[in-house]
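Asker: Each chain, letter by letter, is given below.
Protein chains: 2
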Amino acid sequence: MFLERTPVTDIHMRTIAFTRGVPPDAAIPVEQLMACQEAVLKADVGVLQYGHKPGYEPLRELIAGEHGADSNEVFISNGSIQILDLLAGCLVRPGSFVITEQPTYDRTIATFRRHGARVVGVPLEADGMDMGRLEELIRREGRPDVLYLIPDFQNPTGSMMSLAKRRAVLELAERYDFPVIEDMPYRRLRYQGDELPSLRQLNPARVITMSSYTKLISPGMRVGFSIADAGLTRKLVELAEATYLSPVLLTQAMVYEYIRRGYLEPHVRELIALYRPRWQAAVDASRKYLPEAGLTAPDGGFFVGIMLPEGARVDGLLERAGKAQLGLTAGASFFADADDAGTIPGDRFVRLPFCALEPAEIEEGVRRLAKLL
Amino acid sequence: MFLERTPVTDIHMRTIAFTRGVPPDAAIPVEQLMACQEAVLKADVGVLQYGHKPGYEPLRELIAGEHGADSNEVFISNGSIQILDLLAGCLVRPGSFVITEQPTYDRTIATFRRHGARVVGVPLEADGMDMGRLEELIRREGRPDVLYLIPDFQNPTGSMMSLAKRRAVLELAERYDFPVIEDMPYRRLRYQGDELPSLRQLNPARVITMSSYTKLISPGMRVGFSIADAGLTRKLVELAEATYLSPVLLTQAMVYEYIRRGYLEPHVRELIALYRPRWQAAVDASRKYLPEAGLTAPDGGFFVGIMLPEGARVDGLLERAGKAQLGLTAGASFFADADDAGTIPGDRFVRLPFCALEPAEIEEGVRRLAKLL
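The listed protein sequences correspond, in order, to chains H and D. In this note's numbering, each number is its position in the first sequence, counted from 1, plus 4. In this note's numbering, each number is its position in the second sequence, counted from 1, plus 4.
No lab work stands behind these hints: they were computed from the structure. Computed from a prediction, not measured in an experiment: that's the story for all the values here. Be aware that one or more of the hints could be misleading.
Intra- or inter-copy, both count: the list cannot distinguish identical chains.
[What the hints assert, rightly or not] Taking lysine to any residue pairs in the SDA-like style, the calculated list, with each CA pair at most 25 Å apart, reads:
(1) K292 / Y195
(2) K239 / R204
(3) K239 / C94
(4) K239 / N207
(5) K46 / L268
(6) K57 / H119
(7) K57 / A334
(8) K292 / G197
(9) K375 / D288
(10) K57 / H271
(11) K327 / E61
(12) K375 / D134
(13) K57 / T23
(14) K57 / P28
(15) K57 / S337
(16) K239 / T23
(17) K57 / Q329
(18) K57 / A297
(19) K57 / G326
(20) K375 / G326
(21) K327 / A316
(22) K327 / E65
(23) K46 / V34
(24) K239 / H119
(25) K57 / D110
(26) K57 / E323
(27) K239 / S202
(28) K375 / A336
(29) K46 / G235
Using the sequences provided together with the hints, build the complete structure.
Answerer: Dropping the structure here:
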């Protein structure tokens, strides 16, 4: 399959990039996508016209069916960040109050802030948010306009929200009457353990589900989707039409054709087979070279998150790493700056995206990181 | 070529839609696009990855070359409305002052308003804006943050800005120090007369040029571009990355391949051959059935705009047209509501997009319209 090995001999020369969560080129099913796009263009010139403003209709129906939703609850757009931006446009105003996990996806913090929201992070534990801190925060500061979570293999920590916490967060959402966004682009990439119900499965009325085909098929196709009540979905579609008129339909139709042909399930199995040894290498290397660090050993996804011990030498870490041919992302960007404890340990946080690197590169990268501290 | 004729016998039964400016399906070069996308995917898996945040790099360079610009002045995005939204995000704030032609593209008014701008329209004449009114407005209300124009075959009137007015508007822009957006999606579709220099050709430093391949290749591919100074372009790219991360690259690469293969120029000639009789029919029918109306007979583009005479029966026109199987767009939506004269004749304005209709349908549609007044 797609296990092209590069020679391990030159690994000490190579730059190793633990920067963004990008799949390797070899994980993109180019041949199948070529077949799909030819079929799509032959079948329906409509994908080259304006139209399907809520997203390519057959894909809407397919996603609705998979999630036990109605197709008028499904919205498909040019990638899930675009959806988050439109959701922010519908749900928040300057001064709105948004709660996220801490740390969380840096672009989520930036998106809600760009729309004028105050974003507060609640510390994340290995099994999800610190629920006591969440409730305390809501009691003190009032009902949030949105709570944003990545329950499965969280970005950037890899953490998995337990069933008890999933239930507890939804009870809070009921009690204080706020919507919960669950962002689940990594959910299908599980390397061990059992799947837990999604928040939507537990309480569809409270939950806005978001995901995309970026991590399962291709990032460049920019096909993301949301599932929300029909009223909010209608607002999203209206704002989307005002913003970009119609989405790019060709890639949405290609995703539909890809799934319709039965290509997705075997491809996900191949991805898991490709990524599992990389995940294992990231966990093992972190334990081996950084035994003092706080590690959320994930069961799936794209990331291992590491909290370096207090006192680790983190000043100028990115620059020093760059000189050692090691690419890192600034840990602080994953932390909303209004941590209710008042301390932001972001400069000690390191995210290791492992999917695009080979096991030997991952081990070498973590070894280089440890030497810098 | 693509002149598939439908029988004229049933024309009186048919719904005739003068609603949006959409090319007919037959004008979309599906076979060539299929060849292009296959070539693109074979050549570069990169179009399925994240990347090329300012737009597909080879297409940026090609557009820059065509317009005598530097590639770092070119930004390509998911359609030109998306670019207008991002431009508004960079150039206006709540309370900003934007001037447009009156009437103008309805989505432009809506986009600037959504960003909080006050939009004022300056009456359009057959050869462009009323320059006296424009200068009077600026003297009275101060420098605008943006002036937005469609100099070639304007939407919705078809009007063409004269060379004298192009020069005059740029002199005003210099004197009062404001940027001018020229939106030129229709420029290549000229059915008679000679091309005038674009505003960019007259004064590149003052002008933000926007266009797209929607009217020349396909709307659904959503490939629009802007040319602006490198500083503003950098801001656009940053806001775009924050909003949707990367654009959909596949369709941008297809457009590049389409042009690289030399397909565009003959296709534009075919489009002109297809649209010219439709344009002629729209102009002729307007003169024949609405001789009292104010008509800007355009030399190209997608639209004939008609100002019905005072006293024409326009109450409930859209509903009455609908019952007569005639689709119309509300004329008032093309008028910013702060016309400095205080009178908005939008309810007497009718836009006739003619490209997607056959000559006989156009004549029948205008005949139906005349009977309703």
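Asker: Each hint should be assessed against the structure and marked as holding or not.
Answerer: Hints, one by one, checked against the model:
1. K292 / Y195: Only inside one copy: K292 and Y195 sit 20 Å apart there, 73 Å across copies, limit 25 Å.
2. K239 / R204: within (20 Å within a copy, 37 Å between copies)
3. K239 / C94: both (7 Å within a copy, 24 Å between copies)
4. K239 / N207: Intra 21 Å, inter 41 Å, cutoff 25 Å: intra-copy only.
5. K46 / L268: Cα proximity of K46 and L268: in one copy and across copies (21 Å, 21 Å).
6. K57 / H119: Both: 23 Å inside a chain and 21 Å across chains, each within 25 Å.
7. K57 / A334: between (37 Å within a copy, 20 Å between copies)
8. K292 / G197: within (23 Å within a copy, 76 Å between copies)
9. K375 / D288: within (16 Å within a copy, 80 Å between copies)
10. K57 / H271: neither (29 Å within a copy, 27 Å between copies)
11. K327 / E61: neither (49 Å within a copy, 28 Å between copies)
12. K375 / D134: neither (32 Å within a copy, 70 Å between copies)
13. K57 / T23: Classified as between: cross-chain Cα gap 16 Å, same-chain 34 Å, threshold 25 Å.
14. K57 / P28: Intra 31 Å, inter 18 Å, cutoff 25 Å: inter-copy only.
15. K57 / S337: Intra 34 Å, inter 20 Å, cutoff 25 Å: inter-copy only.
16. K239 / T23: between (35 Å within a copy, 23 Å between copies)
17. K57 / Q329: Between copies only: 24 Å across chains, 45 Å inside a chain, cut-off 25 Å.
18. K57 / A297: neither (48 Å within a copy, 35 Å between copies)
19. K57 / G326: So K57 and G326 pass the 25 Å test across copies only (23 Å; inside, 44 Å).
20. K375 / G326: within (13 Å within a copy, 74 Å between copies)
21. K327 / A316: within (18 Å within a copy, 76 Å between copies)
22. K327 / E65: neither (50 Å within a copy, 32 Å between copies)
23. K46 / V34: both (18 Å within a copy, 8 Å between copies)
24. K239 / H119: Both. Shortest intra-copy (16 Å) and inter-copy (17 Å) distances satisfy the 25 Å Cα cut-off.
25. K57 / D110: So K57 and D110 pass the 25 Å test across copies only (18 Å; inside, 28 Å).
26. K57 / E323: between (45 Å within a copy, 24 Å between copies)
27. K239 / S202: Classified as within: same-chain Cα gap 24 Å, cross-chain 38 Å, threshold 25 Å.
28. K375 / A336: within (21 Å within a copy, 68 Å between copies)
29. K46 / G235: neither (35 Å within a copy, 42 Å between copies)
In the structure shown, a violation is registered for the earlier hints numbered 10, 11, 12, 18, 22 and 29, in ascending order.
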